Amino acid sequence: MTTTTLPPSEKTAPVSAPGHTTSDRARSERKLGWLLAGPALAVMLLVTAYPILQAVYDSLFDYRLTDPENRSFTGLNNYVVILSDRTWWISMAVTVAITVVTVAVELVLGFALAFVMAKALSAIRPVLRAAILIPYAVITVVSAFAWRFAFAIDTGFVNSWFGWLPGIGADTDWFGGQGSALLVVCLAEIWKTTPFISLLLLAGLAQVPEVLQEAAKVDGATWWQRLRKVTLPNMKAAIMVALLFRTLDAFRVFDSIFVMTAGANNTESVSFLAYRQTISRLEIGLGSAVSVLLFLVVVGIAALFIKGFKVDLAQARGEG
Amino acid sequence: MPDEQTGRDDAVRGGRAGLFRQRRWRRALAGAAAAGVLGSTLAACGGGSGGVPTLTWYINPDAGGQTEIAARCTEAAGGRYRIETATLPREASAQREQLVRRLAANDTSIDLMSLDPIFVPEFAQAGFLAPVPPELAGRVTEDVVPAAVETSTWEDQLVAVPFWSNTQLLWYRKSVAEAAGLDMTQPVTWDQVVAAAQDQDKLIGVQGIRAEALTVWFNALIESAGGSIIAENSTDPEQVTLGLESDAGIRATELMRDISNSGQTGPALSTANEDTTATGFESADGGFMVNYSFVYARALGKVEDGTMDQATVDDYGWTLYPQVDEGTESAPPYGGINLGVGALSEHPDLAYDATECITSTENQAYYFVHDGNAASDTTVYDDPEVLEAFPMAETIRDSLEQAAPRPLTAYYSEVSGGLQREYHPTGSVDPERTPREATEFITAVLRKEQLL
Numbered sequence: 033m034t035t036t037t038l039p040p041s042e043k044t045a046p047v048s049a050p051g052h053t054t055s056d057r058a059r060s061e062r063k064l065g066w067l068l069a070g071p072a073l074a075v076m077l078l079v080t081a082y083p084i085l086q087a088v089y090d091s092l093f094d095y096r097l098t099d100p101e102n103r104s105f106t107g108l109n110n111y112v113v114i115l116s117d118r119t120w121w122i123s124m125a126v127t128v129a130i131t132v133v134t135v136a137v138e139l140v141l142g143f144a145l146a147f148v149m150a151k152a153l154s155a156i157r158p159v160l161r162a163a164i165l166i167p168y169a170v171i172t173v174v175s176a177f178a179w180r181f182a183f184a185i186d187t188g189f190v191n192s193w194f195g196w197l198p199g200i201g202a203d204t205d206w207f208g209g210q211g212s213a214l215l216v217v218c219l220a221e222i223w224k225t226t227p228f229i230s231l232l233l234l235a236g237l238a239q240v241p242e243v244l245q246e247a248a249k250v251d252g253a254t255w256w257q258r259l260r261k262v263t264l265p266n267m268k269a270a271i272m273v274a275l276l277f278r279t280l281d282a283f284r285v286f287d288s289i290f291v292m293t294a295g296a297n298n299t300e301s302v303s304f305l306a307y308r309q310t311i312s313r314l315e316i317g318l319g320s321a322v323s324v325l326l327f328l329v330v331v332g333i334a335a336l337f338i339k340g341f342k343v344d345l346a347q348a349r350g351e352g
Numbered sequence: 017m018p019d020e021q022t023g024r025d026d027a028v029r030g031g032r033a034g035l036f037r038q039r040r041w042r043r044a045l046a047g048a049a050a051a052g053v054l055g056s057t058l059a060a061c062g063g064g065s066g067g068v069p070t071l072t073w074y075i076n077p078d079a080g081g082q083t084e085i086a087a088r089c090t091e092a093a094g095g096r097y098r099i100e101t102a103t104l105p106r107e108a109s110a111q112r113e114q115l116v117r118r119l120a121a122n123d124t125s126i127d128l129m130s131l132d133p134i135f136v137p138e139f140a141q142a143g144f145l146a147p148v149p150p151e152l153a154g155r156v157t158e159d160v161v162p163a164a165v166e167t168s169t170w171e172d173q174l175v176a177v178p179f180w181s182n183t184q185l186l187w188y189r190k191s192v193a194e195a196a197g198l199d200m201t202q203p204v205t206w207d208q209v210v211a212a213a214q215d216q217d218k219l220i221g222v223q224g225i226r227a228e229a230l231t232v233w234f235n236a237l238i239e240s241a242g243g244s245i246i247a248e249n250s251t252d253p254e255q256v257t258l259g260l261e262s263d264a265g266i267r268a269t270e271l272m273r274d275i276s277n278s279g280q281t282g283p284a285l286s287t288a289n290e291d292t293t294a295t296g297f298e299s300a301d302g303g304f305m306v307n308y309s310f311v312y313a314r315a316l317g318k319v320e321d322g323t324m325d326q327a328t329v330d331d332y333g334w335t336l337y338p339q340v341d342e343g344t345e346s347a348p349p350y351g352g353i354n355l356g357v358g359a360l361s362e363h364p365d366l367a368y369d370a371t372e373c374i375t376s377t378e379n380q381a382y383y384f385v386h387d388g389n390a391a392s393d394t395t396v397y398d399d400p401e402v403l404e405a406f407p408m409a410e411t412i413r414d415s416l417e418q419a420a421p422r423p424l425t426a427y428y429s430e431v432s433g434g435l436q437r438e439y440h441p442t443g444s445v446d447p448e449r450t451p452r453e454a455t456e457f458i459t460a461v462l463r464k465e466q467l468l
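As you go down the protein sequences, you meet chains H and X in turn.
For this note's numbering, count along the first sequence from 1 and bump the result up by 32.
For this note's numbering, count along the second sequence from 1 and bump the result up by 16.
Chain H extracted, bound-state conformation (with noise of 0.2 Å):
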């Protein structure tokens, strides 16, 4: 495939690179770079890396926060339960799954909105950014009360106002089947964070350089083409980094699901089986441990997004 992108020869080697010897003042501004990121790390390491490490010696131990003194080591026993357990296999299945119906459907629709975000005219591209980006603001809990009750029987109006579809009556119960009750709460995920995957496209759409774009234009590429050779390929950082972004967000899915099902009819997600052992058995143990098992799976993702997609997060924030 040839595609049109500008020579990546700035971002790897820029001009100032300093060579093997380090400078007094390349060490002055070192240092001065840890003075300053420095109190936020200490702060990062306080709050992420020792409830990290916490919660991986926790999972190491058979432990009921209400019987503190029958507290023993069991080793990696409480992994193997896991593991072994149909119920954490269907959660992870169904955690997948919402996890690519949304994303890639937010994809779809969040570059549809970016284009019109971006190529909207100009008196009323403030008016419609706000506008898309309202669903955003919506604290997630609120969103999924909001749905919730527009599809439950007894309050809900989606049934009287789609009824006519086939499929859909009065009885409609959506909340009682597996299929049905994941659709509202991918709906729901969708309708709520479209706006941000379409914010952080627009970002990326901004980045392609219109000297591409008319050049394009000049030799008679159609809009299909440039879209294609020029705009995507230029936009794959911004791509990745929504994707990433959305990926890991989709994966720890649970105020969905905690209002609209609370895990009936096998709609349990991996963070409200962790919430499920931790909170409501009080087995900080078991609970720890999906934790982990979860941390684990997320840290995958990110790696294969980075390793694997080669996504440079520098690059995609502008620095490069």
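Simulated from the structure, these hints should not be mistaken for laboratory data.
Among the hints, erroneous ones may be present.
Some chain X residues flagged as far from chain H (calculated, every beta-carbon gap over 12 Å) [claimed, not checked]:
(1) Tyr97
(2) Ala120
(3) Glu261
(4) Thr344
Over the 12 Å line for every Cβ pair with chain X, so calculated as not near, a few chain H residues [to be verified]:
(5) Ser60
(6) Gly70
(7) Val113
(8) Ala169
(9) Val174
(10) Pro198
(11) Ile311
(12) Gly332
(13) Lys339
Estimated spans, in silico, between C-beta atoms of each pair [claimed, not checked]:
(14) X:Ser299 to H:Trp193: 18 to 26 Å
(15) H:Arg284 to X:Glu456: 28 to 36 Å
(16) X:Ser125 to H:Ala178: 34 to 42 Å
(17) X:Glu166 to H:Pro198: 52 to 60 Å
(18) X:Thr377 to H:Trp193: 52 to 60 Å
(19) X:Glu456 to H:Leu77: 43 to 51 Å
For clarity, every value in this text was computed on a predicted model and none was experimentally measured.
Every residue, glycine too, gets a C-beta built ideally from N, C-alpha and C.
Position chain X relative to chain H; hints supplied.
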């Protein structure tokens, strides 16, 4: 405001930098002043009124009755203590989560707790409850319905103080029962209710949602059939023996399936909670339902708002919970609130004094009339005011007398959660398979060999 005004004048004279300096200085001064005021207010709270100890009572949300009782008891204490209330989340499970987290973290601010009876054993076994003074135990259990005492007891010791009690009645539309030829003056069975509803094509309201309400329903069925979810109890989770596979357990499963598949339970049984059921009963299709007494107050409220006809409320009838086997007394669901005193409270003696005031006959009667929560003290049911406000009060008392609590175990969440997983959706349970699978599953969860 003059201060604001002066600031502006200064700014005009002193320019921009002056304005900022001025504002910053003023803000700092205001902050210091606010801190001073706050400090003196707090001081007034703590010791200003002569060092009166403050008891914090963690309450479940209600219509304001507990806060009023707290005020009354503060007054009655004559300066020995003050009671302040702190409101817990609405869901019983969330109330437990918050209290357990606080107690496990040694929170000394918890003096009094409004506890759902199902969580009393867990709190008691974890050592979260201060021991009940022996001389008090006799007084607070006098004339109290048996289930309330039972749920306040753990390992033969009273560990909590019974406050109010809740039970489910069988609600019916008089017109429907009459048309079906069902004599409601006598106790009826589930089979009769199903047949009457089918005959008239009306709804039977039961709670099939995968939530605590499902455990409530199943427990009432198995207890009415003469069995129990937990056949042999133990403080060691691995020694708990379940009674789901007993004849009563199989009968309850069978009945649950048949009621669910009777065609009269409405379109959303698998998500139906107490409110859904009440909504169905209020509709033109309403026939029968098992539910708590809030449905009556709810109907009266709707009449007042003009969203329901008086004729509909006049059609409401109530009787004891349906029987499983004809002639065998039913075991209606039991709920309510017991009062616990935090083990880390700085004033456990005063807190127990306060429980006696809170659960006095007058306060229980007030709470019944004001908030609609039935008393655990049977003498309250002789109060003319109660009888006037609640025409079904006598039925409630009778129902409470024969009510059966849900399993009393420190591992209640595991048992109830496991049950809900296996018995949901209620229409798909199989008397041959489900009791066995549920027993295996719950046992594995109790042994920490499976996730929930």
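Hint by hint, here is what the structure shows:
1. Tyr97: The claim holds: tyrosine 97 of chain X sits with its nearest Cβ about 28 Å from chain H, beyond 12 Å.
2. Ala120: violated, 5 Å
3. Glu261: Per Cβ check, glutamate 261 of chain X is outside 12 Å of chain H; nearest 22 Å; holds.
4. Thr344: Label holds. Min Cβ-Cβ 32 Å, cutoff 12 Å.
5. Ser60: holds, 32 Å
6. Gly70: holds, 28 Å
7. Val113: Since the minimum Cβ distance to chain X is about 6 Å, valine 113 of chain H lies within 12 Å and the statement is violated.
8. Ala169: Holds, because the least Cβ-Cβ distance between alanine 169 of chain H and chain X comes to about 25 Å, which exceeds 12 Å.
9. Val174: Label holds. Min Cβ-Cβ 16 Å, cutoff 12 Å.
10. Pro198: holds, 17 Å
11. Ile311: Given a closest Cβ separation of 5 Å, the condition is violated.
12. Gly332: holds, 21 Å
13. Lys339: Holds, because the least Cβ-Cβ distance between lysine 339 of chain H and chain X comes to about 31 Å, which exceeds 12 Å.
14. X:Ser299 to H:Trp193: 18 to 26 Å: Roughly 20 Å apart at Cβ, these two residues keep to the hinted range, so it holds.
15. H:Arg284 to X:Glu456: 28 to 36 Å: holds, 32 Å
16. X:Ser125 to H:Ala178: 34 to 42 Å: With a Cβ separation near 35 Å, serine 125 of chain X and alanine 178 of chain H satisfy 34 to 42 Å, so the hint holds.
17. X:Glu166 to H:Pro198: 52 to 60 Å: Since the Cβ atoms of glutamate 166 of chain X and proline 198 of chain H sit about 53 Å apart, the hinted range of 52 to 60 Å holds.
18. X:Thr377 to H:Trp193: 52 to 60 Å: holds, 53 Å
19. X:Glu456 to H:Leu77: 43 to 51 Å: holds, 45 Å
The structure fails to meet hints 2, 7 and 11 from the earlier list, while all remaining hints are met.
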